[in-house]
Amino acid sequence: MMRADLALIHRWVPEGAHILDLACGDGTLLEALARDKQVTGYGLEIDPEGITACIAKGVSVIEQNLDEGLVHFEDDTYDLVIMTQALQALRRPDRMLDEMLRVADECIITFPNFAYWRHRVHLGIRGYMPVSKSLPYAWYDTPNIHLSTFNDFEHLCREKGLRITDRAVGIGDHEGHWATRLRPNLFGEIAIFRVERQDRRRTTQP
Amino acid sequence: MPELPDDSVGLVSPQTAHFDDPLALACGRTLPAYDLVYETYGTLNAERSNAVLICHALSGHHHAAGFHSLDERKPGWWDAHIGPGKSIDTNRFFVVSLNNLGGCHGSTGPTSQNPATGRLWGPDFPMVTVTDWVHSQARLADRLGIERFAAIIGGSLGGMQVLQWTRIYPERIANAVIIAATPKLSAQNIAFNEVARQAIRSDPDFHDGWYAEHGTAPRRGLKLARMVGHITYLSEDAMGSKFGRDLRSEDLNFGYDVEFQVESYLRYQGDTFSTAFDANTYLLMTKALDYFDPAAEHDGVLAEAVAPGQCPFLVVSFTSDWRFPPSRSRELANALIRAGKQVSYVNIDSPHGHDAFLLPEPRYQAVFAAFMSRAAQALGLEETA
Chain A
0 MMRADLALIH RWVPEGAHIL DLACGDGTLL EALARDKQVT GYGLEIDPEG ITACIAKGVS
60 VIEQNLDEGL VHFEDDTYDL VIMTQALQAL RRPDRMLDEM LRVADECIIT FPNFAYWRHR
120 VHLGIRGYMP VSKSLPYAWY DTPNIHLSTF NDFEHLCREK GLRITDRAVG IGDHEGHWAT
180 RLRPNLFGEI AIFRVERQDR RRTTQP
Chain B
0 MPELPDDSVG LVSPQTAHFD DPLALACGRT LPAYDLVYET YGTLNAERSN AVLICHALSG
60 HHHAAGFHSL DERKPGWWDA HIGPGKSIDT NRFFVVSLNN LGGCHGSTGP TSQNPATGRL
120 WGPDFPMVTV TDWVHSQARL ADRLGIERFA AIIGGSLGGM QVLQWTRIYP ERIANAVIIA
180 ATPKLSAQNI AFNEVARQAI RSDPDFHDGW YAEHGTAPRR GLKLARMVGH ITYLSEDAMG
240 SKFGRDLRSE DLNFGYDVEF QVESYLRYQG DTFSTAFDAN TYLLMTKALD YFDPAAEHDG
300 VLAEAVAPGQ CPFLVVSFTS DWRFPPSRSR ELANALIRAG KQVSYVNIDS PHGHDAFLLP
360 EPRYQAVFAA FMSRAAQALG LEETA
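So the protein lines, in turn, are chains A and B. Residue numbers are given in numbering that gives the first Met the number 0: position 183 of the first sequence equals residue 182, and the series is strictly consecutive. Residue numbers are given in numbering that gives the first Met the number 0: position 124 of the second sequence equals residue 123, and the series is strictly consecutive.
Please note that the accuracy of each hint is not assured.
[Stated by the list, open to error] Listed next, the in silico DSS-like pairs over lysine-lysine satisfying Cα-Cα at most 30 Å (straight line):
| no. | chain 1 | residue 1 | chain 2 | residue 2 |
| --- | --- | --- | --- | --- |
| 1 | A | 56 | B | 340 |
| 2 | A | 36 | A | 56 |
| 3 | A | 36 | B | 286 |
Simulated from the structure, these hints should not be mistaken for lab results.
The following block holds chain A by itself, in its conformation from the complex (with noise of 0.2 Å):
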């Protein structure tokens, strides 16, 4: 069965679309979008393990560090561009942020809640940087370098003057809690977000 997270982008992703995935993992996300809807398009990944299960599954997969960017992709190729859990560990988010939206018109962003309340225990009530599901990482030895809340993340959307167009929160990977919710920035621990530019330049494929 699919990452609860993963089964929701599938869902979200058009039929017939060309799509990048960025820190695509072993390629579980792609297998299927092709299988299921013809989505064609590449995954960008780093590490080694996640790259050859890729290349075993026929995902057409690209060795490169996000941080470079995505220099090598041109403006308005791409139908969406998805980045799963991997916002927080980038050196400039907000760059990125940008990148996906100059190589297509939309893009799905999932990313660890930092306000999470039980976050919120462990750092304001109890004094320690969070460890939960979503952050197992102790504070000497994490990759995520770049935590932020949801409330942050809907700021620099609107900083950036792009739409978030839909959105789902969920707690832990439990597919039934995903759900738009009361309080999110609160009760939420992970949100996939749904952006897209305000000037539309790229008609998706039907």
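Model the placement of chain B on the given structure of chain A, informed by the hints.
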């Protein structure tokens, strides 16, 4: 009697295919008839759908795997990757490996007789290009009854042939593996080749290429050519860790004899090569490298040049390769991406420089094997052995 390793294709013997149909070459000349020498490993299935073609590099040949005799000291040049259970699994695939035209290991080339003159071809052998090789390889495939290769695979100059296959015969290649290659040589690459050629051509024993008729060979020139080439095949680190500044004897002798181990190594490599390889072949193979530039016909736009390709591509580079560095493979991958092709690009961490493509390395093997077994799966290939 020594035993063969379990994962070896075992004892193999070369075969020769003779062709009487004239082959029109890119240089404008025509080769009236020619031989191609080749080896095969594994079993061709009834559908003839499991064939893999290996394209060799600058100084390569048809003997890619296994042993010609039990006394042979070393197996074929790509034995690390071809055999039962290896990346190119001969339990599944039928592997064809040939010596290219212009070579000096049995296929028609400068050391063969020119039927028109009765002399050896020598320097008169027409300049052959990567495109010419691909056409001749297609004819060999016809001869073997192979309509479409399950995969065509090559490293370095071999990778260029694979790329050319996808452009000229896209319907005849189901998967392309291009390793440590480049879409065209850089000025520096051409410069190194030119030094090698001048070393050969300025040897007094060269005789404008007619050295065989003079009963000699430009061994000193060929040795120098190989020495300079060899430097570009290794990385600075690999050379450093292999030899450092180690001396052959304890003290400096303040002379020009071999003192450092690296000098000894290079001289040995050069000497061995100069007695086993033909200088005219070396000259024309370096020219084939220099001339390769598929984007040139498309105003330099590589993405247009690669547009005819229809198959999945695997492009592999090695971090310490400075002859054809990762950026050149990435350039190729980018063009394939722009052209919307199925392509995976992998940059293997290796200290061995350009030579890394010949060697076993766990990640390289894992990626290579994953791509090949996916290819077998997509083509519905069963084990044949």
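Comparing the hints with the structure gives:
no.: 1; hint: A/56 x B/340; in the structure: 16 Å, holds
no.: 2; hint: A/36 x A/56; in the structure: 16 Å, holds
no.: 3; hint: A/36 x B/286; in the structure: 47 Å, violated
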